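Asker: Order-wise, the sequence lines are chains A and B.
Take the first sequence: its letter number 78 is residue 78 in our numbering, and every next letter is one higher.
Take the second sequence: its letter number 106 is residue 106 in our numbering, and every next letter is one higher.
Source of the hints: derived by calculation from the structure; they are not laboratory data.
This structure is a prediction, so every number in the text was calculated from the model and none was measured.
One thing to keep in mind: the hints can contain errors.
Copies of the same chain are indistinguishable here, so a pair counts whether it falls within one copy or spans any two.
Claimed, not checked - Subject to a maximum C-alpha distance of 20 Å in a straight line, what follows is the list of computed SDA-like cross-link-like pairs (lysine to any residue): (1) Lys216 to Ser287; (2) Lys28 to Ser291; (3) Lys379 to Gln53; (4) Lys27 to Leu296; (5) Lys27 to Ile165; (6) Lys127 to His269; (7) Lys257 to Arg369; (8) Lys127 to Glu340; (9) Lys127 to Thr398; (10) Lys379 to Gly86; (11) Lys27 to Ile399; (12) Lys127 to Asp357; (13) Lys257 to Gln207; (14) Lys216 to Arg31; (15) Lys27 to Ala15; (16) Lys257 to Ser23; (17) Lys103 to Glu10; (18) Lys216 to Glu68.
2 protein chains.
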Amino acid sequence: MAVGPGTLPEFYPVAGIKLGIASAGIKKPGRKDVVVFELAPESRVAGIFTRNQFCAAPVVVSRRHLAESAPRYLLINTGNANAGTGDRGLADALQCCQALAEKAGVNAAEVLPFSTGVIGEPLPVDKIVSAIPEALAAAREDRWAEAASGIMTTDTRPKGASVRIDIGGYPVTISGISKGAGMIRPNMATMLGFIGTDVRVAPDVLQALASELGEKSFNRITIDGDTSTNDACMLMASGQYGGPELTADSPHLPKLKEALWQVYLELAHAIVRDGEGATKFVTIEVSGAFSQQEALDVAYTVAHSPLVKTALFASDPNWGRILAAVGRAGVADLNLNTLEIYLGDVCLVRNGGRAEDYSEARGQAVMDRDEITIAIDLKRGAVNETVWTCDFSHDYVTINADYRS
Amino acid sequence: MAVGPGTLPEFYPVAGIKLGIASAGIKKPGRKDVVVFELAPESRVAGIFTRNQFCAAPVVVSRRHLAESAPRYLLINTGNANAGTGDRGLADALQCCQALAEKAGVNAAEVLPFSTGVIGEPLPVDKIVSAIPEALAAAREDRWAEAASGIMTTDTRPKGASVRIDIGGYPVTISGISKGAGMIRPNMATMLGFIGTDVRVAPDVLQALASELGEKSFNRITIDGDTSTNDACMLMASGQYGGPELTADSPHLPKLKEALWQVYLELAHAIVRDGEGATKFVTIEVSGAFSQQEALDVAYTVAHSPLVKTALFASDPNWGRILAAVGRAGVADLNLNTLEIYLGDVCLVRNGGRAEDYSEARGQAVMDRDEITIAIDLKRGAVNETVWTCDFSHDYVTINADYRS
């Protein structure tokens, strides 16, 4: 299941960023399971990685290479996460980078590896290495759609976004792809996101954009609260557009940020819409908090509550479950008598209990929709936060209980 | 579904503690839904209550009455939680106490109210008040089994424990009942526990026992991580056994504590075994932690992971899910290379990856059992903690999605 139409956009090619797809037969013969990004010289890359303490070998290597060199290649495989694989996993990831580097005539440190798939099994290095020439030979700027399919694991559909804007009179393109149907895809770990643009951006500004936009989009979605060992989201800027470098004080930066934000959000939302077993796309807005931590604690507690999620699946306007989740979010001295909770435009809770004008029929009308907003105003401060999640259905259990069978 | 046989024990009556059961017809005509505990004068009561910020009206009133007076009566109803009901809820709870107090010739503050059931609907005070005379008239010391059924909501079976020990040559009886099949039972909120003994214990010692034993038993079980608005667990001591008062330095205190611990643990475990949709009873032991917080963070992250819980349901020794949950538990600087994870007596993770001697067949043999222990040794410090949980099945979704239909 998935929420909404979910068709891929028409991708604009990004000057200086080529994509090659090949088949290594990691899990299934003939499946396109290796994707290579080839970046023009002078390109800059920034990114964010999983916060799971046990990050996978490719995450360790990518972080290290990113600190050492300007990346020229990204090498992505599905079907095997190379996670929980110890020292051998690190050596395997490096060996793949080395093989690509030799073929392409760059240093191994200029290659960033990404893996997604089964945790705890050795990476099939030989298969991946043998697919690299095909991927390199196939690299073109107009293959975003194929790459979107190439990085999928059990996603039910490919995910992408693409926009064109004008920065100071120069056209700028941003295209991106993502994969994932849970914060973790159990044996098939991971959420990955790759966003490319031809704009030229100062390195510190690029990393600031990658951090802030990733934080507010990919780090605000949750399917099941399980953080993958392999999560990564990379922002690539080839610098091949016609204009000057954007720095921290560039008047055009807000416009770029706005366009990037649109792509980040679309890609992150696409993951929620394709959440395991999802039948609802749910926005949880917390306002009036004292602090960001407090706002996020409330939002995630509601978003992760199995009782709220099963009520959403049942289209049941079961406001007591939302109230109870807010109450156990660990926020001290919450005042039930002043906070308000809305389902869509219908007030559920006001003055310490069910809102006087609430009726089951009005709540039901909102719950019957595919896309639902739960808004919680804590009436304590001025901080707002939004997270996105999906419901919890029979199919979630089926998918995760039957996965290896 | 439920795990294990779950038959009620033979209850030993507790001198000085009578139980009366009556039918108020709160949700179903004829259902025994009101239970009254009548305590002999000089009895002492201690307890712990929910940490949900939005605790229900009866919790507010019970806490207040417990601080003001020595309780003589506990009044429990099922079918309505009197939660999320604002000022009216408080007045309703008080009115029920008042009605019982008048019939019994005590003060309203000597009555503790407890409610469990639908959140957010007004308490049917008239129905409860009209059932009180029947409950009082029926009160006898040998009705623990009926009371165990009388406090059920959607529990699939009544829960109880009863032991007899000898304290300094005097026989002491401890009997207890509990209800609940989730930390919260959505519209039918709550876990409740009532333990009675005839021993005489100093008030501060009784509260210390209630706090410590409740913390290590009822506060260490989790079905779905959702904390009810109505949870309460009361320890009642009538003082009618033949011996002297036990104080903090009594040599017999450890023996009493051990016996109470047995009853607390049995009642708490009975709730997990009857967890919504449960097919497995799971013990999660974390050892080698620096701090209690760290041990509990790891234990609860594993216990609440939907991916671990669905793997347990599928009897799938999916160790990567356990490893990923430990890694995202928020413990800084965890060392994957030294920690060890066991499933029963089978080592899953050692030296940074899958244990060398692990085999799928050995993992499967443990997973096929009804009762499973996951042991995580962090190898950082000397603190251990244990929590108990159940798996996550299709029936959990069915129960919680179809609840109001």
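Asker: Quick check: which numbered hints come out false for this structure?
Answerer: Per hint list: 2, 4, 5, 6, 7, 8, 9, 12, 14, 15, 16, 17, 18 violated.
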